[in-house]
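2 protein chains.
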Amino acid sequence: MGPAHIGILGLGTVGCGTVNVLTRNADEISRRAGRQISIAAACARNLTRRRDCDTSELNLTTDAVSVVENPDIDVIVELIGGESPAKELVMAAIRNRKHVVTANKALIAIHGNEIFDCAQQHGVVVAFEAAVAGGISIIKAIREGLAGNRIESLAGIINGTGNYILSSMRDHGDSFDQALRQAQNLGYAEEDPTFDIEGIDAAHKLTILAAIAFGIPLQFDKVYTEGIRNISTEDIRFAEELGYRIKHLGIAKRTTTGVELRVHPTLIPERRLIANVEGVMNAVLVNGDAVGPTLHYGAGAGAEPTASSVVADIVDVVRALTTDPNNRVPHLAFQANAISDIPVVSPGDFETAYFLSMEALDRPGVLADVTRIFGELDISIEAILQREPVEKNTAQVIILTQETKEQRMMQALVQLEELPSIMDAVKRIRVEHLSYSAT
Amino acid sequence: MGPAHIGILGLGTVGCGTVNVLTRNADEISRRAGRQISIAAACARNLTRRRDCDTSELNLTTDAVSVVENPDIDVIVELIGGESPAKELVMAAIRNRKHVVTANKALIAIHGNEIFDCAQQHGVVVAFEAAVAGGISIIKAIREGLAGNRIESLAGIINGTGNYILSSMRDHGDSFDQALRQAQNLGYAEEDPTFDIEGIDAAHKLTILAAIAFGIPLQFDKVYTEGIRNISTEDIRFAEELGYRIKHLGIAKRTTTGVELRVHPTLIPERRLIANVEGVMNAVLVNGDAVGPTLHYGAGAGAEPTASSVVADIVDVVRALTTDPNNRVPHLAFQANAISDIPVVSPGDFETAYFLSMEALDRPGVLADVTRIFGELDISIEAILQREPVEKNTAQVIILTQETKEQRMMQALVQLEELPSIMDAVKRIRVEHLSYSAT
Numbered sequence: 157m158g159p160a161h162i163g164i165l166g167l168g169t170v171g172c173g174t175v176n177v178l179t180r181n182a183d184e185i186s187r188r189a190g191r192q193i194s195i196a197a198a199c200a201r202n203l204t205r206r207r208d209c210d211t212s213e214l215n216l217t218t219d220a221v222s223v224v225e226n227p228d229i230d231v232i233v234e235l236i237g238g239e240s241p242a243k244e245l246v247m248a249a250i251r252n253r254k255h256v257v258t259a260n261k262a263l264i265a266i267h268g269n270e271i272f273d274c275a276q277q278h279g280v281v282v283a284f285e286a287a288v289a290g291g292i293s294i295i296k297a298i299r300e301g302l303a304g305n306r307i308e309s310l311a312g313i314i315n316g317t318g319n320y321i322l323s324s325m326r327d328h329g330d331s332f333d334q335a336l337r338q339a340q341n342l343g344y345a346e347e348d349p350t351f352d353i354e355g356i357d358a359a360h361k362l363t364i365l366a367a368i369a370f371g372i373p374l375q376f377d378k379v380y381t382e383g384i385r386n387i388s389t390e391d392i393r394f395a396e397e398l399g400y401r402i403k404h405l406g407i408a409k410r411t412t413t414g415v416e417l418r419v420h421p422t423l424i425p426e427r428r429l430i431a432n433v434e435g436v437m438n439a440v441l442v443n444g445d446a447v448g449p450t451l452h453y454g455a456g457a458g459a460e461p462t463a464s465s466v467v468a469d470i471v472d473v474v475r476a477l478t479t480d481p482n483n484r485v486p487h488l489a490f491q492a493n494a495i496s497d498i499p500v501v502s503p504g505d506f507e508t509a510y511f512l513s514m515e516a517l518d519r520p521g522v523l524a525d526v527t528r529i530f531g532e533l534d535i536s537i538e539a540i541l542q543r544e545p546v547e548k549n550t551a552q553v554i555i556l557t558q559e560t561k562e563q564r565m566m567q568a569l570v571q572l573e574e575l576p577s578i579m580d581a582v583k584r585i586r587v588e589h590l591s592y593s594a595t
Numbered sequence: 157m158g159p160a161h162i163g164i165l166g167l168g169t170v171g172c173g174t175v176n177v178l179t180r181n182a183d184e185i186s187r188r189a190g191r192q193i194s195i196a197a198a199c200a201r202n203l204t205r206r207r208d209c210d211t212s213e214l215n216l217t218t219d220a221v222s223v224v225e226n227p228d229i230d231v232i233v234e235l236i237g238g239e240s241p242a243k244e245l246v247m248a249a250i251r252n253r254k255h256v257v258t259a260n261k262a263l264i265a266i267h268g269n270e271i272f273d274c275a276q277q278h279g280v281v282v283a284f285e286a287a288v289a290g291g292i293s294i295i296k297a298i299r300e301g302l303a304g305n306r307i308e309s310l311a312g313i314i315n316g317t318g319n320y321i322l323s324s325m326r327d328h329g330d331s332f333d334q335a336l337r338q339a340q341n342l343g344y345a346e347e348d349p350t351f352d353i354e355g356i357d358a359a360h361k362l363t364i365l366a367a368i369a370f371g372i373p374l375q376f377d378k379v380y381t382e383g384i385r386n387i388s389t390e391d392i393r394f395a396e397e398l399g400y401r402i403k404h405l406g407i408a409k410r411t412t413t414g415v416e417l418r419v420h421p422t423l424i425p426e427r428r429l430i431a432n433v434e435g436v437m438n439a440v441l442v443n444g445d446a447v448g449p450t451l452h453y454g455a456g457a458g459a460e461p462t463a464s465s466v467v468a469d470i471v472d473v474v475r476a477l478t479t480d481p482n483n484r485v486p487h488l489a490f491q492a493n494a495i496s497d498i499p500v501v502s503p504g505d506f507e508t509a510y511f512l513s514m515e516a517l518d519r520p521g522v523l524a525d526v527t528r529i530f531g532e533l534d535i536s537i538e539a540i541l542q543r544e545p546v547e548k549n550t551a552q553v554i555i556l557t558q559e560t561k562e563q564r565m566m567q568a569l570v571q572l573e574e575l576p577s578i579m580d581a582v583k584r585i586r587v588e589h590l591s592y593s594a595t
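Line by line, the protein sequences give chains A and B.
Read in order, the letters of the first sequence correspond to residues 157 to 595 in this note's numbering.
Read in order, the letters of the second sequence correspond to residues 157 to 595 in this note's numbering.
Quick caveat, the hints were computed from the structure, so don't treat them as lab data.
In this text, a Cβ means the ideal position worked out from N, Cα and C, and glycines have one as well.
Any given hint might turn out to be false.
What the hints assert, rightly or not - Here are some chain B residues the structure puts well away from chain A; computed CB gaps all over 10 Å:
no.	residue
1	187
2	227
3	247
4	338
5	380
6	448
7	499
8	529
9	562
Unchecked claim - Below, in silico cross-link-like pairs of lysine to any residue (SDA-like), each with a Cα-Cα straight-line distance of 25 Å or less:
no.	chain 1	residue 1	chain 2	residue 2
10	A	378	B	187
11	A	583	A	571
12	A	378	A	213
13	B	548	B	569
14	B	583	B	482
15	B	378	A	187
Sequences and hints are given; from them, build the entire structure.
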């Protein structure tokens, strides 16, 4: 077969990584794909900027529309990122009956339902492995590798920046701000780090993972999202005393009433493999009814790890060029007419265990007051730690509870904060035990 | 589309697991596949035996040939295991232009080249995800998910029995024989455990992984294989003192002269995620030039985890029924005409670090003699431990070396064993640091 022709939109970090991987591994890739992958055109905003890839052999243009309209191109590779103009270009490509490969999580999480609908009408594939967890082929693993399972839950470290910050707070005792600055200096965090540290990036990815795991629509607006800005080195240290690590997890879980979709800092037992995923690495734990727990680990970002997934998608799409569309793997794992509308559980109904941290007056009876509140609300306590600070006549009280409904915990917090012996607000961090045993 | 019809050969552990998963998750599976999967016939040797699945709705037979010749059947699912009659039945199915799904590692490792050749001639797919690492979709991950990479190396815990034995020796201080007996009592080890503990099962799986990673033929006879029978609780304890765990690894690695294919007990740093894979769980570390290190973890055996991979393959194959054969994923990841004949490195040329354990007379000058031998052979020493036993006037000397060629280490061992102060043979276990950083 002759070469397949692709057009690349965007020559930033991932775009250049993709050019480099396609060039360096051209032989390995064509030995796998059965044909060469040829870059017919590449589009960038500024053609004079210095780039991390050799562009001398590329047919460069600043006109993205000319690429998506180029009749010689079979596959458009969208690596611009963000919602606009990426969305308009992807939709135009689809209408021109070109297949699309994208690394754009915001685009898929927010506009995926519309994009896949249009792709299906036009008989083309939109592939997005690189949109979640960089080089980990987690989309393929869930969508195809676990196709025999009813997926019960998944939990992932799916934002490398946040994991880098939490790891270096634990390893070096850095404050959140110090760790963030260091992440920025190393290029792991953006100048405006909001998307990463507030969990928005993770929520985009969780939206996608939940859709393909459960066969539900993409519904980014229903993901409960909490960032890591409030995590202190003390929280990390107390968690460690209790045998836990704090990780920023994206969690999707079936319950009796629907599916929980949530991103928040989470204590997890230090013995779990995923608790030991450090730095910018990502990992996703998927629990299927037949397979039991599986863990998928790798680099969650970076030029070449992300390019690894982009190129894998290109090879898949090139193979699908001549395939009857009805026999392709559905975009969201389940056939478009078989997506089900399982309700998304509201945060008040989340059931988790809790780590609570509060400053209390150091005097007799305080623990009695505190534990009475939990007893009356039927919340079981797993452990209590009390630590005196060096200066003030208060103590730091740490409580680990068993599982309870979030709304009940909120009641407890209101009552706790009304106690005259409890200073300030009570900090709460959710706890997940992630203890699935394989069948 | 109407249902796809499959015929199952073998209703043992995995066969029943497959029936159970296909039945229980029929709805989820057909929502993914776009059509129902219907079991048209199932074959077992003994129809009166009690089984772990409901066979009342199955069309049962003892005549396997009638199944592979049944014109209504699209896909044969071979779950008999072993070489014969599995091979004859699979070949007959292929000649009848039926696709095949198999969990049979021995069959693929030993006869795969012939089987895939025949399958290609007849335009059918032979899928074998379940043959390696049970429920982990490692074949798909390497063959498709990492298709953009030049795979540099892989290292896997791919035999659950061996890992269970080594884990319980470490956790409970059990001897090898005690741990083996316990594994047998729990059903994790066969009555004749040779295949598992001598590394033959792992070598079958490594043969398959190496072929799809590097684009080389299946060559089981070239895998260097060493079992775990000689590992003692002392070795495990000394390794731990040095910061290592002992795991039975299958390793495939590119070197400047070819590819190393080896299965042997291996010390790995305890901080690596794969060092913390315990019990019967499996994990495979794959290192690609673009993606860096990735880890794939899950249940390596058992009825339903293995069935999870069998069913995933069934769904894949059903999707491929109408696909142009030239556009399918090649059996061994690389196109059949692009398999390359990279030489397999002979054991003398393996390069690894070593853990050596020897009993030495407890008198001055012994360490000087020992270290002189290493010095003369240009083998660098990383660490030395000396431990006195309670009774005899000897000491246990443990040496950790840096990387060296195996033939040079063999010379050192000969010279060491000639020293009058060294009692008995020197035990050597290879060490791998598995320290790949993502690009």
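So, going through the hints one by one against the coordinates:
For residue 187 of chain B, the non-interface assignment is contradicted: its Cβ lies about 4 Å from the closest Cβ of chain A, within the 10 Å cut-off. Residue 227 of chain B, annotated as away from the interface, keeps every beta carbon of chain A farther than 10 Å; the closest lies near 22 Å. The Cβ of residue 247 of chain B sits about 25 Å from the closest Cβ of chain A, beyond the 10 Å cut-off, so the non-interface label holds. Here residue 338 of chain B stays apart from chain A, with its beta-carbon at least about 18 Å from theirs, past the 10 Å limit.
No Cβ of chain A comes within 10 Å of the Cβ of residue 380 of chain B; the nearest lies about 25 Å off, and the non-interface call holds. A Cβ of chain A approaches the Cβ of residue 448 of chain B within 10 Å, the least distance being about 5 Å, so the stated non-interface status is violated. For residue 499 of chain B, the condition that its CB be more than 10 Å from all CB atoms of chain A holds, with the nearest at approximately 18 Å. With a closest Cβ-Cβ approach of about 39 Å to chain A, residue 529 of chain B is found to remain outside the 10 Å limit, as its non-interface label requires.
Separation of residue 562 of chain B from chain A is adequate, the least Cβ-Cβ distance of about 29 Å exceeding the 10 Å criterion. For a cut-off of 25 Å, the pair hint linking residue 378 of chain A to residue 187 of chain B stands: about 24 Å separates their Cα positions. About 14 Å separates the Cα atoms of residue 583 of chain A and residue 571 of chain A, which keeps this hinted pair within 25 Å; it holds. At roughly 45 Å between alpha-carbon atoms, residue 378 of chain A and residue 213 of chain A are farther apart than 25 Å, so this suggested pair is violated.
Our distance criterion of 25 Å between C-alpha atoms is met by residue 548 of chain B and residue 569 of chain B, whose separation comes to about 23 Å. Restraint check for residue 583 of chain B and residue 482 of chain B: not satisfied, since their Cα atoms lie roughly 51 Å apart, outside the 25 Å limit. Of the pairs offered as hints, the one joining residue 378 of chain B and residue 187 of chain A holds, with about 24 Å between alpha carbons and a cut-off of 25 Å not exceeded.
Violated hints, listed in ascending order, are 1, 6, 12, 14; each of the other numbered hints is respected by the structure.
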